[in-house]
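Given the coordinates of chain L, work out where chains D and R should sit on it, guided by the hints.
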Amino acid sequence: MIWLTWRQFRAQAAAVAAVAVAFAIVLAATGPRLADIAATYRDVFDHLTANDRHLFYTGIVVMAVAPVIIGVFWGAPLVARELEAGTHRLAWTQSVTRTRWLATKLGVTALAAAAAVGLLTFAVTWWSQPLDAALSSTHGSLPSRLTPVSFAMRGVVPVGYAVFAVVLGATVGAVFRRTLPAMAVTLAVVIFVQIAVPTWIRAHLAPTAEQTVMFDRERLDGISIGDTGPGSPLRMTVNTGGVGNWVLSNQTVDASGRATDLPSWFGACLPAPPAPGTTEGPVKVQGPDTMDACFQRLNAEGYRQHLVYQPARNFWPLQWAELALYLAVSGLLAGFCFWWTRRRLS
Amino acid sequence: MIEFSLDGRSGVSPYLQVVQQVRQALRLGLLREGDQLPTVKDVVARLAINPNTVLKAYRELEREGLVAARPGIGTFVTRTLTDASLAAHEPLRRDLRRWLAKARLAGLDEESIDALFTSTFRDAQREIA
Amino acid sequence: MTAVLRAEGLGKRYRRRWALSDCTLKIPAGHVTGLVGPNGAGKTTLLSLAVGLLAPTAGTIEVCGGRPAADAAQLAKVGFVAQDTPTYPGLSIADHLRLGARTNPRWDDAVARSRVERLGLDPAQKAGRLSGGQRAQLALTLGLAKRPELLILDEPVASLDPLARREFLQVLMEAVAEHEVSVLLSSHVVSDLERVCDHLVVLVDSQVRVEGDVESLLESHLRLTGPRREPATLPAGQHVVSASHTDRQSTLVVRTDAPVLDPSWTVGRLGLEDLVLAYMEGTRAVAPGPVMEVLR
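Protein chains in written order, with the numbering used here: chain L, 1 to 346; chain D, 347 to 475; chain R, 476 to 771.
Same shape as in the complex, but just chain L:
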């Protein structure tokens, strides 16, 4: 049975493996130079070439696309194509139970997907290591590894995405019984989940850190005007005092601890707003003395800035938690897929 699965699967497997290996080789060739730069210079980011930046973003794109491709092209046709071509009538009447047939197909494909994406994520994680280390000590110009876009392209989570995509594709294929609709639905669901998890779920997978800070210039990140036009309240964001943290909430609170906008008098601390017609946005701060005075007044009136964030040290706990989440959901989906194949496809 393993042989049959492999025999049916080897062409697609070879294609993906070739891409994965080629990309890994490119990373392996360029990685050592990056490590050298990191060891030699204080700030890696001043010495990155355009090529390095391209590779960094290519890594992100490849890692974002790989699970989707695998789910759509490996997972969705897994059962659907057999049902569509009628070959399940051949496969299911050999001396192998349907459950074992599905277990083997799903197992082999999920393992292959995990291996291919595992190789990719290992290569990308290794290649980005010098940059990630630098991000922890200085402000870098590339997204840190805890921000949603980078997080999903490092460590162990991509393996979870790939396994999930395969199981999802197979299940959707078993339910729809047609390859093309199964591929379309798998594509849509995988993309939705990849957006939904960082937006609503990831932040809750590990305990967050909180800070309530007084205002000063060091901490200031930016001041913005609300979007209700001229005269709308001002908002301020501050930084966490460390780098590589993933800020979830950045909110000004008043003396009683309630979330609020900046008081209206703070507008006088700012230079004149840009001419009408240009968009509102971060406004440059006025002279240092004026600003310091404004900050002191804010502090004296009991205003504070409340920060909620995932600290940089939570990178690996979050990685493992998210991997476990994906594998658990994959397990549930697989259980449903087995039930459906045994009961509903008859």
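Hints were generated in silico from the structure; no laboratory data involved. One or more of the hints may lead you astray.
Claimed, not checked - For lysine-lysine, the following DSBU-like pairs were computed, each having C-alpha atoms within a straight-line distance of at most 35 Å: (1) R:K552 / R:K601; (2) D:K402 / R:K601; (3) D:K387 / R:K552; (4) D:K402 / D:K387; (5) D:K402 / R:K501; (6) R:K601 / D:K387; (7) D:K402 / R:K552; (8) R:K552 / R:K501.
Just so it is clear, the structure is predicted and the values come from calculations on it, not from any experiment.
Coordinates of chains D and R only, in the frame set by chain L:
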């Protein structure tokens, strides 16, 4: 060795056709004592018929004492039907030819000859019975 | 008589339509059983239930002493050649044999190889490139080399030309003679089955109409032709299968175990095809009720 053939439109069941063809071959001297009949597998592979049909025909021939099955080897002819009557075939055939020529002269076509022969044959059979 | 297939009140429903209903059957071992009926009568449904591709909605079915597809051992007992003989187009003939060898404990590789050789097929050829007849032969080879107790074939010759049809049945019958495998095959063309079957099941409108040994079916069915009369006036032992009337004449097909003594009838025998057709027509003539309902 003989080969069987089946006529799908004769209305005679396949098993009976096999029996009749063996009897015919015995009568005409195509099969003699000690000759082997085609194996069931051979007949089946040639005619694409059910093996049970052939088995049933062979059992029928065995019951009539014409053949005997030797397990693992095959089915063999044990008796011949070509006794003394074979010698009489030739003069009878000559008589029949002469009769046929006479019938044609009398203006009978093939169908009429066939009908006349069949009805006479049946009447004669009834008398014997 | 040991039964190779036993069904009791078997039924299968797709959403609201019953594809097979209240089917009670006993198919004897060691026979070649033909399952005939018009298209859409439920033949494929019955066969799919027998190999466990479908699960029954009602009743029970037992094949070779077990529930179909219950486990690997049960699957090994039953071979199946599905309608249109599906194969993997991208896999070669040798790959298919390997698939059979790796998934069947009783696989007979010698049988498989010698059959492919005798068919004159190149083992390296992809199944997608085979003709319909060759593909059917490949599927049959897979079914036979599995060495099942019961081989089930769904419309195996329907899509084949006459020569391929003959060759297919030759190989099948030879295997029956050689391996003593029981066979159950379906067809909507009776003449395909006439020579090869010694047991017959007629399925019409998702129900079993008649079932039995071919010889005894042929012996017990007669065609009666005579002056017009109502079928209800026949003696008790004679069951009307189909009836047609003109203003003066009646033609009946009856099932009876006793000879017909009424001198007003001209009595004739039926071929298998006529017998089956009589049952198909009979349901149409005897049961006009459902037809009316469809029209409303």
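A quick look at each hint next to the structure:
no. : hint            : result
1   : R:K552 / R:K601 : holds (28 Å)
2   : D:K402 / R:K601 : violated (42 Å)
3   : D:K387 / R:K552 : holds (23 Å)
4   : D:K402 / D:K387 : holds (14 Å)
5   : D:K402 / R:K501 : holds (22 Å)
6   : R:K601 / D:K387 : holds (31 Å)
7   : D:K402 / R:K552 : holds (27 Å)
8   : R:K552 / R:K501 : holds (17 Å)
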